Amino acid sequence: MQAKPDAGLVVTGVRKRFGHVAVLDHVGFAAARGEFVTLLGPSGCGKTTLLRIVAGLERADAGRVTVDGRDLTGEPPHRRPVNTVFQSYALFPHLSVADNVAFGLRARRAAEGDVRRRVADALALLRIDELRARRPDELSGGQKQRVAVARALVNEPAVLLLDEPMSALDAQLRGDLQLELRRLQRRLGTTFVLVTHDQEEAMTVSDRIIVMDRGRIAQSGVPRAVYERPATRFVAAFLGAANLVAARRVDDHAVETVLGPLRVASAVTRDAPTIAIRPERIVVHAERPAANAVRATVREALFKGDHGQLFCDPGDLRVRIAARDDLAAGAQVWLELPAEHLQVLDD
Amino acid sequence: MTEPAIAFRGDLATPRSLRARALGLAAPALAWITVFLIAPLCLVLAVAFCGRGDYGQIEWRFTSANLARALGCAADGFSDVNLRIAARTLWLSAGTTAICLVLGFALSLVIATRRPALRALLLAAVMIPFGTNLVIRTYGWQLLLAGRGPLAPIAAALGLSEPGLALYPSPIAVWVGMVAALAPFAVAPLYAVVERLDWSLVEAARDLNAGRWRVLRHALLPQVAPGLTAAAVLTFIPALGMFVVSDLLGGAKHMLIGNLVQQQLARDWPYGAALGVWLIVATLAALVLARRGPDRARA
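Line order of the protein sequences matches chains A and B.
Position one of the first sequence corresponds to residue 184 (the working numbering), numbered consecutively onward.
Position one of the second sequence corresponds to residue 4 (the working numbering), numbered consecutively onward.
Everything labelled a hint here was simulated from the structure, so no lab data went into it.
Among the hints, erroneous ones may be present.
[Unchecked claim] Distance ranges between label pairs, derived from CB positions:
1) B:214 <-> A:487: 48 to 58 Å
2) A:397 <-> B:224: 33 to 43 Å
3) A:245 <-> B:120: 25 to 35 Å
4) B:295 <-> A:359: 55 to 65 Å
[As the list claims (entries may be wrong)] Rough simulated footprint, nothing fancy, chain A against chain B, three-plus residues with beta-carbon under 8 Å:
5) 196 to 207
6) 215 to 223
Quick caveat, the model's predicted, so the values are computed rather than measured.
Every residue, glycine too, gets a C-beta built ideally from N, C-alpha and C.
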């Protein structure tokens, strides 16, 4: 889908300090109309503050927020075409589910017939019609989350902001709701911006992931690219497990490491780069492989249910293998680190 | 059916024996309440049904004349003086309560959103005057409201009074004194709820297009309602019985139920006791209303 360049959410040059701490340091990102973008990072990286600045709940020290070309920088929350699903859901405890969902429409003084019809649609969309007369304290966590999403979506925002909406739910339910959120977003074509610290959630739901680290954007891209081609040690380690190996440049496609000499597919520009490889990309062989072979000793072998995990020396390499029991501690193996999966990091 | 055993301090105790122990622990407090609260109240009730001797002393014969007279139905016909005093007292108490709630809520919001160190300081500033004797505080207001006090020129400049004239005795001075005397009663319970406010509800309301009024109505008031009820009870009930403030700041014309009772206790104990009984009835009625209010709002 090719949209106008200013369609959707555009955030530029945002700075925010709390006292002496720079929470956001010149951060910018865009979410095209209909895109599902996730701000991913550990707690304290500034992702929630950034979301609150977009919502208008926090004022940035500098920077601009526009939606579909309209500058919202100085606008209060209730004049922004943006709605939020809060981490705690923040449902009004004295109002029924239906009245909670109707809140935004009534605040804008929509006609009561219109309110009733749209509330019914929103309740149906999230399959919570039968909860309409309940109070928030009579709902489970998952139900509250649906009500919070319905309450925001019923206003037909240009951008829906979700602040860690799954963090209070158990793993099973979280998985189900992630899928449902993804399908809902696809169906409505609304721009979603999700904040989470859960990399699996980010990869499941997003069109694009923006990884944040200490108030800056570390990397941005489609989930596969960010996972397969992490730019920094932080991104490599934060998204799933990664083996990080200190290296020395030999030539454009060769490095020397504690594992021995390795060929890499991408160009080596720095003298002492760090090389990253995912545990599942390392191949275990009984015979010496043709290239990038490492003779290793299994120090520890773990059974993880659907797969197995080895810790091998040298280099304390973490290797993901199919679940099998013929590799025990002390075994000698050949490891292959395929050149195309060795990622040369920027730092 | 046998009562289930409950482990209590290593012993196995039945609920019945637990209740017995609890009663034992509560006995000193119960005795205190009985001797110093229930007994005097019974005495007041008894005296209210007694006759009056020639020198105002109590005569132990039964009559309901005092209670009738307190409502204005004296032997020589109906008088609305007491009812007018009661109406004035109710109006002043209700008004004082309303002002204290608004001030207390605003003040609690201001204090609760400060830094912790400043918070403690501001709370102390609210509570310290409260530790001073009410009579002394009210005399303090006399100084402030005096013709040569700091407030008179301001009031004169605003055209509210003549230059050089004292601002008391006057009904306004009584209102000022009442609010000053009772505001801490409102701040304490309101601060307790405001400090624990869930601000995400306020943010959610603002995010959902709510203006100031809707934020107040749906995000703040439901959360602070218990505190408001407590503050209203704690302000309104002392206000009903107040007599020091109106005595010192209101002059002879501004009589409240409290003043009336106080006067009678010098010359007509049974009549004073009868007035007191009606005041207690009014107070209990106010308490019942306050307890029912939130229940109905929730239903």
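Hints, one by one, checked against the model:
no.: 1; hint: B:214 <-> A:487: 48 to 58 Å; result: 54 Å, holds
no.: 2; hint: A:397 <-> B:224: 33 to 43 Å; result: 40 Å, holds
no.: 3; hint: A:245 <-> B:120: 25 to 35 Å; result: 30 Å, holds
no.: 4; hint: B:295 <-> A:359: 55 to 65 Å; result: 44 Å, violated
no.: 5; hint: 196 to 207; result: holds (count 5)
no.: 6; hint: 215 to 223; result: holds (count 3)
When each numbered hint is compared with the structure, a violation occurs for hint 4 only.
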